[in-house]
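Protein sequences, first through last, are from chains A and B. One point on numbering: in the numbering used here, the residue at position 375 of the first sequence is 375, and numbering is uninterrupted. For the numbering used here, add 1000 to where a residue sits in the second sequence, where the first one is 1.
Calculated directly from the structure, the hints in this document are not laboratory data. Among these hints, one or two may not hold up.
Computed beta-carbon distance windows for the label pairs [unchecked claim]:
no., chain 1, residue 1, chain 2, residue 2, range
1, B, 1184, A, 435, 32 to 42 Å
2, A, 435, B, 1071, 52 to 62 Å
3, B, 1070, A, 87, 57 to 67 Å
4, A, 13, B, 1182, 23 to 33 Å
5, A, 23, B, 1184, 24 to 34 Å
6, B, 1127, A, 34, 28 to 38 Å
7, B, 1259, A, 51, 30 to 40 Å
8, B, 1033, A, 282, 36 to 46 Å
9, B, 1080, A, 35, 12 to 22 Å
10, B, 1258, A, 347, 35 to 45 Å
11, A, 45, B, 1258, 26 to 36 Å
12, A, 354, B, 1051, 32 to 42 Å
13, B, 1080, A, 25, 27 to 37 Å
14, A, 82, B, 1118, 53 to 63 Å
In silico lysine-lysine, BS3-like type, Cα no more than 27 Å apart, as pairs [said to hold, decoys possible]:
no., chain 1, residue 1, chain 2, residue 2
15, B, 1274, A, 17
16, B, 1053, B, 1038
17, A, 124, A, 164
18, B, 1166, A, 439
19, A, 78, A, 181
20, A, 247, B, 1038
Computed list of chain A residues with no C-beta within reach of chain B, every gap over 12 Å [said to hold, decoys possible]:
no., residue
21, 8
22, 27
23, 122
24, 153
25, 160
26, 229
27, 269
Beta carbons: idealized from backbone N, C-alpha and C, even for Gly.
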Amino acid sequence: MTFDTLEPVVTAHDVWKGVRSRARITILLPLAVLAYLVYTWFAFGVPDLLSKAQPDRAAILATDSVAYKIHVTKNFRKKETTVAVEGERTATYQPEDYPNWVSIEGGNANVDLGDGYAIEISGKTALFTIPGYGTIKSTATQNGVETVLPEGPVPEWVRDNPKKLDVRPSLDKRLQVTKTKIEIHNYFGGWENFWFPFRSELHGMSFSQLYALALSADRMDPEYSNLWYMVHEFLENPDWQHGEIFKALFETIMMAVLGTLTAAFFGLPLAFLAARNFTPSMFVRFGMRRLFDFLRGIDMLIWSLIFIRAFGLGPLTGALAIAFTDTGSLGKLFSEALENIDNKQVEGVRATGANQLQRYRFGVIPQILPVFVSQVLYYLESNTRSATVIGALGAGGIGLMLVETMKTARDWENTSYIIVLTIMVVIAMDQTSGWLRRKLIEGK
Amino acid sequence: MAVAALEQEIVSLRNRRQLYSLIGVLVVVAVLVSGYSKSNAMNSGSFLQGLSKFFDYPGEIVLEAWQAGPAFFSLIWKFTPAMLETLNIAGVATLFGGAMAVVLAMASTRNVDSYGPLIPVVRRLMDIMRAFPELIIALFLIFVLGSSPVPAMIAVAFHTAGALGKLFSEVNENIDRKPIEGLSACGANWVQRIRFAVLPQVAPNYLSYFLLRLEINVRASAILGFVGAGGIGQELRRTIGWGKGAGDETAAIFVLLFLTIMIIDQMSSYLRGKLVGSGRVH
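Take these sequences, add in the hints, and give me the full structure.
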């Protein structure tokens, strides 16, 4: 007599064993995760990182990206005093339209920074009056700077050494004195010269003025119509490079769209070769699957580096890198979808006397079309993000532009402009693909 | 009469459908053709010219790797710590992101009795977190914190929380509500209901998505290394920057990356198959 066919008898001992092992897991798993986190805490060097972090950089970035500054500079070598937006030569004010907080007479300047802060430059000496602290007197000499600070402890926003004086009593006011120049920064909110370049005739015009100008028949430039001239001036704005940025965004979108479509285009037929129920030959199937694994395993990073070497910078490189990686991913997904189709439909079509092509067209394709469309759209969406990253590796587009503006670490407002545009494009692609998915699959 | 009208209606519907499909296909073809010709023009190197050079670079590094001989394996060993760092970035980011995603998912599904007014807010929040490209957060944090794995970790975790949160809340929507009702009948509070009625139901699906995300995050962290976040990407940038002569090191990194990604891919798809049965999750 055997008990083989009966269910094993559950004893209290077995139950307790189960409970104990379960209890052990609930205790050990969090402990293991904790141990791993502690290990990585030190492996990443977090303590060291925290001591070296520069949170003031975040503050600079934040203020700089929503504000701009006007420089008042007295240069001793060139013997001139200038007022310019961001200190740029192309955005220098003419003496007749100086901002009203600056007055320059001869070589001397009076700058009123507001809230009682004022700077007086006479000769090589700057007098900085700071409410609640006193007056700092600083003179540039042949070999450095001589500074007289008010009595009492030196506040941390004063950096005084024999070569340079740097005073920044609040984030939006700054005075620097070196032996060659005195420079005052006055910060204002907003993005300067966003629409039209400083030198353009259109600079500072209100919207209604522009509207009237667009409709008027007198051409500002005989070559173009006024509206076209405005668009041109806007796109060619040297500080913001709208034209360049739009082109880069377009490149990035092109990479994503072309790459995804190409991957879908090649992935589908190859998926048939990798599916058990369509390809009887085990050899072909095995080869196809390894090809998919290979394409996916190489990863976008390596593909883009190889393609950058071969094809140089540009959207083609990015598109091909995306296409190669995703042919693998999509091929794998499609072949799994193909293996799971219902064979009854195919048999039904066959019963009507359909040939092979017709069987595929009417028996198979309708079944995998929803999977096909939704996966392609999902990939399109995530590839828009990938394309920005591939761009940063050197393929061009908005990613490269972002890395470059960040590297110069000067015009943070340009960086935040690019970031805002990139996120807007990604969200727009997200919404479009979600909309298409609903439209095509659910028929809503 | 009525039948004939119906038939006509069907024929016209079918014709319209075929027309739409045709237009759709034509649009896709037009996008492909014009896109490729346009991007070929915008690229700094052209397609045909590049095609002949396509195998030059892989050939060059394979040759250098071959010349290195057995020393090649010690090169692979040399880069293993960097690879480990990349894996750690992905691991920690997935852990943190996953934990955050569970909270977000529990706060954004009506089916598990989330607090009503919070649901749309959390959903929009997750949309925003998903839309942020990792690159942007990583670059920003690298600028503030300096070059280190932590910025990449935070960037990947942030994105992961949004992406997994959405998938998790979709899982939540499909659970059986009976256990929740049973527990609330015996007076369980919300946390207890989540712990004893929801989590046991969703755990396998959560884990499987978690593994899938880990796989994606390993790739993402390798790429972020290339823009200065440490790990294997940074090593790769260094060896590639050297140009000729470091081909064997580059090849070693490629091989290491390829093997790691393959192993993690296979392991995660095997485990996911065990967890959710069919072995197939998207």
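Starting from the hint list further up, note which numbers the structure goes against and sort them upward. As far as the earlier hints go, not one is violated by this structure.
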